[in-house]
Amino acid sequence: MKKLPVIVLSVLAFISCGRVAPAGKLAEDYDIFPDYKEVTVPPNIAPLNFCMSGSSAYALTVEGAGEVFSVKSRKGCFHLPAGKWKRLLKASKGSDLRFSIAVRQDGKWLEMNPFTIHVAEEEASPYIVYRLIPPGYGMWRRMGIYQRNIGNFTQTPVYENKLTGDNCVNCHSFPSRDPSSMVFHMRARNGGTVLVEDGEVHKLNTKTDSTISNLVYPYWHPSGKFIAFSVNKTFQTYHMAGTERIEVYDSASDVVVLDVDAREILSCPLLKSGASFETFPSFSPDGKSLYFCTSKAVGEMPADYRDVHYSLCRIDFDPASRSFGERVDTLFNAGDSSSVSFPRVSPDGRFLVFTRHEFGTFSIWHGDADLWGVDLSDGRLFSLTAANSPESTDSYHSWSSESRWLVFSSRRADGLYTRPYFTYVSEDGSASKAFMLPQKNPRKYYRELMFSYNIPEFIDGKVKSDRHGIASVMRRSDGENLTYHLP
Amino acid sequence: MKRFPLIFILLATAAAIVLLQLGEEYEFFFREQTLLFDNSLSGLGSGLLQVGGLSAVLAGLITQFFIFKYAGALITGVLAGLGAWNLWKATKAPGWLLPLCFLPLLSECISLADQFYSYQGFVSFLLLILALRWYLPYCEGKSLRARVVAGTLLTLALFVLAGPVASLLAACIFVWTLVKDARHWYAALIPAAALAALGYAFFLSGITDNFSRTFFAAGYFDELVYPRFFINLSWFLLPAVLAVAAMFRKIEARSVIPAAVLTLLAAGFVFFGFRAVNDPLQYQLLKELHFAARGDWKAIYDDPAGKDPNYLFINLRNLAKSHLGLLPDRLFDSPQNGAKSVLAASTGNNQNPDMASIMAWVYMRMGDVAAAQNAAFDALVGYKYGNPYMARMLVQTNLVLGSPQIAEKYISALEKTLFHARWARGQRRFLGDDSAIAADPLLSRYRSCVPSEDHLLSNPGSDLRYILEAAPTDSAALGYYRSILLLEGNLEEIKNYVEATYAPGEAIPPRLEEAYLLYFRSKKRMPDSGLISQEVVDRYDSFIARFNELTKKGLDPVQAIRGQFGDTFWYYMISVQR
Chain G
15 MKKLPVIVLS VLAFISCGRV APAGKLAEDY DIFPDYKEVT VPPNIAPLNF
65 CMSGSSAYAL TVEGAGEVFS VKSRKGCFHL PAGKWKRLLK ASKGSDLRFS
115 IAVRQDGKWL EMNPFTIHVA EEEASPYIVY RLIPPGYGMW RRMGIYQRNI
165 GNFTQTPVYE NKLTGDNCVN CHSFPSRDPS SMVFHMRARN GGTVLVEDGE
215 VHKLNTKTDS TISNLVYPYW HPSGKFIAFS VNKTFQTYHM AGTERIEVYD
265 SASDVVVLDV DAREILSCPL LKSGASFETF PSFSPDGKSL YFCTSKAVGE
315 MPADYRDVHY SLCRIDFDPA SRSFGERVDT LFNAGDSSSV SFPRVSPDGR
365 FLVFTRHEFG TFSIWHGDAD LWGVDLSDGR LFSLTAANSP ESTDSYHSWS
415 SESRWLVFSS RRADGLYTRP YFTYVSEDGS ASKAFMLPQK NPRKYYRELM
465 FSYNIPEFID GKVKSDRHGI ASVMRRSDGE NLTYHLP
Chain Z
12 MKRFPLIFIL LATAAAIVLL QLGEEYEFFF REQTLLFDNS LSGLGSGLLQ
62 VGGLSAVLAG LITQFFIFKY AGALITGVLA GLGAWNLWKA TKAPGWLLPL
112 CFLPLLSECI SLADQFYSYQ GFVSFLLLIL ALRWYLPYCE GKSLRARVVA
162 GTLLTLALFV LAGPVASLLA ACIFVWTLVK DARHWYAALI PAAALAALGY
212 AFFLSGITDN FSRTFFAAGY FDELVYPRFF INLSWFLLPA VLAVAAMFRK
262 IEARSVIPAA VLTLLAAGFV FFGFRAVNDP LQYQLLKELH FAARGDWKAI
312 YDDPAGKDPN YLFINLRNLA KSHLGLLPDR LFDSPQNGAK SVLAASTGNN
362 QNPDMASIMA WVYMRMGDVA AAQNAAFDAL VGYKYGNPYM ARMLVQTNLV
412 LGSPQIAEKY ISALEKTLFH ARWARGQRRF LGDDSAIAAD PLLSRYRSCV
462 PSEDHLLSNP GSDLRYILEA APTDSAALGY YRSILLLEGN LEEIKNYVEA
512 TYAPGEAIPP RLEEAYLLYF RSKKRMPDSG LISQEVVDRY DSFIARFNEL
562 TKKGLDPVQA IRGQFGDTFW YYMISVQR
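Which chain is which? The protein sequence lines are G and Z, in order.
Residue numbering for the first sequence follows the numbering used here, starting at 15 and increasing by one per position.
Residue numbering for the second sequence follows the numbering used here, starting at 12 and increasing by one per position.
Keep in mind that the hints were calculated from the coordinates and are not lab data.
For clarity, every value in this text was computed on a predicted model and none was experimentally measured.
One thing to keep in mind: the hints can contain errors.
[To be verified] BS3-like cross-link-like pairs, simulated, lysine-lysine; straight-line CA separation at most 27 Å:
1. Lys309/Z - Lys80/Z
2. Lys454/G - Lys98/G
3. Lys39/G - Lys51/G
4. Lys476/G - Lys107/G
5. Lys80/Z - Lys298/Z
6. Lys89/G - Lys427/Z
7. Lys454/G - Lys427/Z
8. Lys454/G - Lys107/G
9. Lys427/Z - Lys458/G
10. Lys395/Z - Lys458/G
11. Lys89/G - Lys39/G
12. Lys100/G - Lys51/G
Extracted from the complex, chain G is given alone in its bound form:
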């Protein structure tokens, strides 16, 4: 019993103060999960808890501008104290944090190679919204749209499909990252499009006699008065061998714009050609341009699925007269060696980032999909090389308000389950090494999570979602029918 106070004190000392005095150095390299080595982070990011690949005793010291703290690992994982982390990031804006790790071997602490993390000056938009879905898309039970405060670990539901009979909820979108309005679709039971305008919920029936399908991939006009959509005849099939699993393809598609107030769908012959597929529309931040992807319609789908190559195009849009330009500009001609998806212009209008892959439309299932950019000031095309992974899908991306941060989905962690990654895009367009969305216990969380993060979207505040209200409207309302207008 006499030894008890000593033991208690030792344990307390071990828990409370992780700083150790290394007796030597260990030269060998090591992996951490998630890989946060040499990444750039926003100053409003949650603690970057990480795990060592081994389960020995480890001690970590984090040093920044005038601040330092130490922690010891629990089962090989470091849990960084939130308060100290926040202060450290605030003090270290624009400079590096140094992460020094020591491992206990044969009773001695040995210092491992340190690594750094750069803290950017610019904060990222504080929330991301994403769908959590089993990555098969054939069958499902639970799925939902959730939001996560990137400054801590709090995830809250925006909408869960259990409220409307386990239906499919998809394609959430916000006007210029404004959380007070949003649009998303429900398919199967209680189907329709959910339009939330300043908290008021509407159900829209979006199929018209003049469009080939319900409205599909959305993008809001910066005024909030229009939403561009594609309409698609989409199918899904599967690969027999190789690393790819699923092939999603369109047999027809067009681009339309919804006038939100008039509940009217607008289009023009250039966006609605039977000889080509048009899809993935997005507006420029000034609202005067509509970007989209287009490919020649091939003979037979899915037989010719590898012959479909989408180019990146642009057409004028005049919100005042609700009219489109008479000419389509091609920003990137995909030729027969690549294909473009998801064009997204930075809020400052400088860069357009898209997903580039070898062929087809649905880059999310293509391992070769990478993020590429166009400098809209000079037309320069570039790869976001440092952010991309060599063999896994890097796809759906969304800009943060200050035009420096991108969140995108990547399968790089295990090849199947997409996870959100962040990258910093500098003024010259070069991207930093991407880092994974932090979690309290990342190894356990990501290993156990049986859902993919789908369509991560930055937003500038928390969505105050009336889930019950949405469910109630979608269950009970017959919905508002849209009209169609082709000038």
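Mind docking chain Z on chain G? Use the hints.
Just chain Z, lined up with the frame of chain G:
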């Protein structure tokens, strides 16, 4: 009469166990089969944080034991007996009323015959009885305020721990008060009002999904299926039993007649209740899904009830034949109807997890590993609580297709179960070790079937051509491919296949030989390839002679010659053409 309660409860429990074993054995297996339960502390913890989390966690823990024969019936029967005994004790009713106390529990047991009624519903009902066991004796001699406070707190606690069944507790408290202390009936509404307020707040905030599922038995029924009325019966019976018990509490029976009458009533209830809930065809499907999950193919093949013309049964029966090496020779010894007899649906056009499970097994047997993987994934996520057998398959497919990180994910999930953990740990040796995969007969067979070149999945027949290019001698793939050729009945294609595959004098599978002969007979000539034996020609001649004879007499040849020629390709052709 003194020993009656003990003797009755023992006999009634034994009878319930027998009934459950006879009537619901495969329901219990199916519950285990469709539950990928996380026994880790964090898994249990996150389960407990849900509304009704305690009953869900307890149900999950118990259900895992249903993997063992008799365990489902034994555990459920004993729990039902204990529930009835505690209900009787709670009411302090005389012994002759004990059979009546058994009725709500029997009703719950019968509800379990419906696969869409969750075991959590049964466990929640037991938790409710435990609550009554404490509450009713507690109320004896207590002030109105104490009773109301206790009742309210207990109701709210039960709502959090066990979900909608708290409404039933509130109803029971009301009924009990009404009978015992009618003057203060209004006070007994307070627990119900408090529950309504809490439940409504949960409902409005989107924590619970809809009104009926928040407060009523429907909350324990699969939300994708409209709940049967029967599952509500125990909710009516329990307050009624409480009312009767309260009213007749002091009345002792002078003979066994009242008890015997009530026992007969309970027996009658079981008989009619079970008939109302039981769906023989669905039960047969659960039975065959169980055999398939366990790999007991002989049980499927030998079961005469499995000859139902429903495609699900035909698919499973042909799968069993494949595993027993009987394809295509014994293809026609059970009803067939086109190529869908091999597989009724294909990936991408199916929303039924039972069908997805069957697809996964069939595709895997064919060697169509990628298709099996997609179907297994659909089945895993299509069942509300997952499916450990599909998770096992996903471990195998991901190992075969070279995705060890994904395989490891499913291994980790399986390691958290009680009875699949050992299998899962055994798979770890394959992670990142191709030589171990190559040395394993099953995994290496699957790997040999993966085409060297990628193709989009089409239909089993087309996919099998690619598989056979990769593994030309794979007997299962060959068996399926030949079966599909026969089932499609394209004589030209069969003729081309036979002539491209067999040399003169080489033994041809008899059904193919029959089809090959039919091709030439339909052209009114004989093959000169030397591939047809005289025996087959003679049998065909007698088939035709018999067919013509029956037709001339105006009789139905399909019925009349089934016994003699039902196993032949010729018979199949006339039966599908009818």
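Hint-by-hint comparison with the structure:
A distance of roughly 18 Å separates the Cα atoms of Lys309/Z and Lys80/Z; the hinted pair therefore holds under the 27 Å criterion. Using a Cα cut-off of 27 Å, the hinted pair Lys454/G and Lys98/G holds, with the two alpha carbons roughly 15 Å apart. At roughly 19 Å between alpha-carbon atoms, Lys39/G and Lys51/G fall within 27 Å of each other, so this suggested pair holds. A hinted pair counts as satisfied when its Cα atoms are at most 27 Å apart, and Lys476/G with Lys107/G qualifies at roughly 24 Å.
Pair hint Lys80/Z plus Lys298/Z holds up; C-alpha atoms about 13 Å apart against a cutoff of 27 Å. Only pairs whose Cα atoms come within 27 Å are accepted, and Lys89/G paired with Lys427/Z is accepted, the gap being roughly 18 Å. Annotation: proposed proximity of Lys454/G to Lys427/Z holds, straight-line Cα distance about 21 Å (limit 27 Å). A C-alpha spacing of about 23 Å is found between Lys454/G and Lys107/G, which places the hinted pair at or below 27 Å, so the restraint holds.
Simply put, Lys427/Z and Lys458/G have alpha-carbon atoms about 13 Å apart, close enough for the 27 Å limit, and the pair holds. With a CA separation close to 23 Å, the supplied pair Lys395/Z and Lys458/G stays within the 27 Å bound. Annotation: proposed proximity of Lys89/G to Lys39/G holds, straight-line Cα distance about 22 Å (limit 27 Å). With a C-alpha separation of about 19 Å, the suggested pair Lys100/G and Lys51/G falls inside the 27 Å cut-off, and the hint holds.
In this structure, none of the earlier numbered hints is contradicted; all agree with it.
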